[in-house]
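K.L.:
Chains F and H, in that order, give the protein sequences. Counting in this note's numbering, the first sequence runs from 767 upward without gaps. Counting in this note's numbering, the second sequence runs from 391 upward without gaps.
No wet-lab data here; the hints were simulated from the structure. Any given hint might turn out to be false.
Below 27 Å or equal to it, Euclidean Cα-Cα: the simulated DSSO-like pairs (lysine-lysine) are [stated by the list, open to error]:
#1 Lys-783/F with Lys-511/H
#2 Lys-783/F with Lys-524/H
#3 Lys-499/H with Lys-783/F
#4 Lys-789/F with Lys-520/H
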Amino acid sequence: MTNTLEAAYAIWLREIKRFLKSKSRMVGSGGQPLIWLSIIGVGLGSAFALKVGTGIPFLTYMAPGVVGMTLLFSSIFAGVNVIWDRQFGFLKEILVAPVSRLSIVLGKVAGSSTISVLTALLILVVVIAIGVLPLSDLSVLGVLAALLFMVLISSTFVAMGLIIAALINNIESFQVLINFLVMPMFLLSGALFPISGALPVWLDALSHIDPLFYAIDGMRGSLIHFSTYPVLLDAGVALAFAAIFIGAAFVLFKRIQGTR
Amino acid sequence: MKGNAIEVSKLFKRFGNVKAVDGISFNVKEGEIFGFLGPNGAGKTTTISMITTILTPTSGTIKVYGTDVTHEKDAARRLIGIVFQDPSLDDELTGWENLDFHARLYGVKENKREIIENVLKLVGLEDSAKRQVKTYSGGMKRRLEIARGFIHKPKILFLDEPTLGLDPQTRRKIWDYVTRLNKEEGLTIMLTTHYLDEADMLCDRIAIIDHGKIIKTGTSDELKRSLGGDVVRVGVEKKKELIRAVKGKPFIKKVKESDDGVEITASDGSKVIPIITKIADSKGITITYATIKRPSLEDVFIRLTGRNIREEGADSTTAWRRMGMRARR
Ligand SMILES: Nc1ncnc2c1ncn2[C@@H]1O[C@H](COP(=O)(O)OP(=O)(O)OP(=O)(O)O)[C@@H](O)[C@H]1O
Ligand SMILES: [Mg+2]
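The task is simple: from the sequences and hints, build the whole structure.
P.N.:
Below you can see the structure in the form of structure tokens.
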């Protein structure tokens, strides 16, 4: 057990070191969501001067969604990055070590989640600072709950990235996956616009099996007190998704072989 | 009497229709340097991958120091150090960080710093340890990988084509580290190569492998002797007379005429020459010169496989593959 944790720590440490060494990744992971927020939010938001539900400004509605989006993309990419480890041979160095495959998965999930959550927190601070998220809405408990959702989102999607990386082994098929999996997951999650009532039944059903849907709903509930489901229910479902995906990644990594 | 470090029995690996490893059995003795010699695609890497738990065999058993590799993976992994054929370093990290990562994964805690410093010194990289690996040359990366394979004090070290694509000077350095690890640290080493001089120079025993099968195993000398022995060429005018005179004498196996003399196959050339000169003297035959040619591993290889180990282009393909891997980083 201690060995599992130590090995996971080694893998966590490597992720952090790599991130700190890559300035472009640091800028990119923070910059991209801010651009989204300004283009979509300000552009569309002012054009339609939308109000959501009980009169919440569109930008405020969207803010937790943008945080969720940041997490979704940075996490799933980080997970899939294992493909590069395989391509460059480093995965073999990890696989040949006498460490449980669970520690490999946990280390990856923890390392990439740390980075994703820190970037997402940065976005959250910016969003609060520019007044999109009114300070008056926030409570300590709410922010802590939001942090929990952030951790669950990134764990779920890093694990999903690992699963993808274990199943496919070229970057080309990854592009296809982004189009058919990640974009729909993002759009159906309610991150950009309220789902309930806005979609045909089948799409609505799809959005309810979208792991991101519950976490974003819960985050919105914690931060601006507006959610489709009770926050506790959202938390339960998000936790279940994280556990399932991490478990699946573990199972796949037990079978993964070290050759290309 | 030393035991076996590796015992491989009836090992098969299939990739679809390709029989990469086609039923091989062999043992590696404790403390020896064992070489796998074979051309590209012979199945060397596939075999090593299976012994080191990277690949699951189609069938067969592998034991490393008595531990069944397929069933007790982690126990086996603890005994093993490996330097892969293709690069396996994290280029973004420094040399030191790569070694530190390895030490942590293998639970090396006591004297970690000292151990890392020692292995760095062994391969002469102590001054480059704080640099990112992407600034290293190919040879430096290779040396770092060898240092890394030894950090957790494995009982057996695998080296898959350790000197592929390196210049002669770096190759000799690497041979030196390998010999030192073997002699000074008592490490059992299994290496693959398709360089005949490397196998000849380093290995206590060699297995020649081709098309997934082991064709012959033995020391370099045994393999060479299996060809029938040395070829002694003697320059002489009276060929027929000499042939008649030496036929059936000790050590001499075969005698035939050559362009300017006689060609004698003998189990030990250096012992045969004095015998021949003595006989020639007593019969008044003048000998103008005498040369010994020991069969090389190359001769052995050609005899056993019917072709040269370095078929046209084969060598450059693998080197190119390695370069390609690097270029993409
Ligand atoms: N993952 C794989 N999928 C399909 N075929 C494979 C795979 N790995 C190896 N092979 C095939 O198995 C055979 C043996 O390959 P292997 O890499 O073991 O040879 P090798 O002796 O190490 O050659 P080299 O000197 O080029 O490294 C080759 O025909 C190769 O094409
Ligand atoms: Mg090979």
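K.L.:
All hints, please: hold or fail.
P.N.:
Evaluation of the provided hints:
no., hint, in the structure
1, Lys-783/F with Lys-511/H, "holds, 25 Å"
2, Lys-783/F with Lys-524/H, "holds, 15 Å"
3, Lys-499/H with Lys-783/F, "holds, 20 Å"
4, Lys-789/F with Lys-520/H, "holds, 19 Å"
Of the numbered hints listed earlier, not one is contradicted by the structure.
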